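Protein chains: 2
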Amino acid sequence: MKKYAVIVAAGSGLRMGTSTPKQFLLLHGKPIVWHTIEAFLHAFDDIEIILVMADDYMDTGKKIIQTTKSPDHIRLTAGGETRFHSVKNGIQYIHHPSIVFVHDAVRCLVSQALIHSCYHAAMEKGNAIPAIKSTDSIRIEKENGNEVVDRNKVMIIQTPQTFQSDIIKSAFAQDYSEIFTDEASVVEQQGIKINLVEGEKTNIKITQPIDLIIAEHLLKSKISKSSG
Amino acid sequence: MKKYAVIVAAGSGLRMGTSTPKQFLLLHGKPIVWHTIEAFLHAFDDIEIILVMADDYMDTGKKIIQTTKSPDHIRLTAGGETRFHSVKNGIQYIHHPSIVFVHDAVRCLVSQALIHSCYHAAMEKGNAIPAIKSTDSIRIEKENGNEVVDRNKVMIIQTPQTFQSDIIKSAFAQDYSEIFTDEASVVEQQGIKINLVEGEKTNIKITQPIDLIIAEHLLKSKISKSSG
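Residue numbers (the working numbering), protein chains in the order written: chain W, 2 to 229; chain B, 2 to 229.
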């Protein structure tokens with residue numbers, strides 16, 4: 002089956018307190034998004050990457066693509082007003098029956114094992130959404146205060162959110178709604194059951210300065226393992 | 002107002018995959034729980050610490066106490082079957098009207114600022130529970146699958162869970178229930194409204210090897226800031 006990875010890098014990175022959007026910050030001398038692209042290029046020889054970037058950063062995107070292992074496997078396209086619109090712009094280039102990964106550009110530590118397990122689970126069940134259990138107590142804010150929930154039932158959702166192409170394409174033909182916070186919520190709106198698979202604690206999302214420090218060290222230990 | 006910190010170190014640390022419970026693993030040459038004790042000793046000159054440890058580790062506990070800045074401010078007591086029983090054992094030594102912090106031994110990076118803000122909020126409102134917003138999408142597992150929740154309403158709960166002494170003592174006089182996953186849930190059971198305060202992303206719980214790496218680096222940056 003053909004594979005596409007839609008890598009969403011359209012964020013502005015305000016939370017980092019830097020003028021550079023976080024997907025362009027350097028990790029071991031390369032932009033975060035470069036590491037993310039490489040993770041998918043290494044997962045499958047025949048994968049196509051659709052890189053979604055904000056208009057202002059198209060030139061930066063082009064330069065980064067040229068430094069990857071397979072620039073001719075990567076298409077660059079513009080992001081939209083929200084994540085929904087960015088992903089919608091990205092998937093319009095998918096015309097073959099395929100498995101589609103939608104992945105946060107700032108989760109550059111995703112492992113080959115997780116990409117492969119999402120692929121197989123989505124082949125079998127139509128979709129595969131990686132999730133991990135919470136190690137902390139969780140409360141939900143309500144109108145009159147807040148309410149504890151059973152921690153064993155709380156799943157923290159990651160990416161790549163992975164779908165058979167017909168499912169994601171038909172879901173993104175819907176009109177936009179504010180309840181669409183991720184791709185799973187868009188697909189679920191069509192009555193499709195969301196299939197959670199085991200995620201990875203190390204598959205972190207780099208949103209704050211401390212995450213960058215964590216990522217540096219995870220990456221170092223990953224490199225020493227693969228060369229050891 | 003008098004202050005007590007009940008530091009709960011009765012866990013077995015199975016998740017670390019080490020034979021040493023995680024609260025005794027070394028960070029910058031000192032056990033994790035040593036760092037935690039020091040954080041509270043430095044927060045207030047007049048604080049008393051009640052250190053709750055599993056029976057098998059009482060000798061280890063005694064040795065660690067001797068290496069802290071104020072061994073005579075620390076009482077060591079045995080843990081119970083569950084966290085509820087451990088905390089209940091700890092708070093029996095509190096006889097003065099006071100503010101009581103209940104804190105995970107493995108959250109050794111708690112800041113002075115957070116301890117102080119919990120103190121003031123609990124003085125004013127009876128209780129103060131630190132919490133941070135989730136940066137990831139969250140789903141709750143249900144009988145027939147799972148359901149997305151509004152991420153802006155999901156609060157990840159931390160410690161020190163902080164209470165006026167009469168409130169926590171009367172709550173822990175209740176019979177044990179399986180729904181008691183933290184001190185807030187015990188107090189809430191008595192119809193008391195839980196008061197969330199802003200926690201800290203760096204106030205991490207060391208439960209897995211990766212957390213230890215993260216803690217090493219956070220501690221290093223904390224030390225370089227305080228000496229800089």
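Calculated directly from the structure, the hints in this document are not laboratory data.
Remember, predicted model here, so these are calculated numbers, not experimental data.
Heads up, a few of these hints could be off.
The list cannot tell twin chains apart, which means a pair is met if one copy fits it or any two copies do.
Said to hold, decoys possible - Think about it this way: if two alpha-carbon atoms lie no more than 25 Å apart in a straight line, the pair counts; the simulated SDA-like pairs of lysine to any residue are: (1) Lys202 - Ile214; (2) Lys126 - Ile66; (3) Lys70 - Ser99; (4) Lys202 - Ser99; (5) Lys223 - Glu199; (6) Lys31 - Asp57; (7) Lys126 - Glu144; (8) Lys143 - Glu179; (9) Lys134 - Arg152; (10) Lys154 - Leu219; (11) Lys170 - Gly146; (12) Lys70 - Ser178; (13) Lys221 - Leu42; (14) Lys154 - Gln190; (15) Lys154 - Ser135; (16) Lys154 - Gly12; (17) Lys221 - Gly192.
What hint numbers does the structure not satisfy? Those not satisfied are hints 2, 4, 10, 12, 17.
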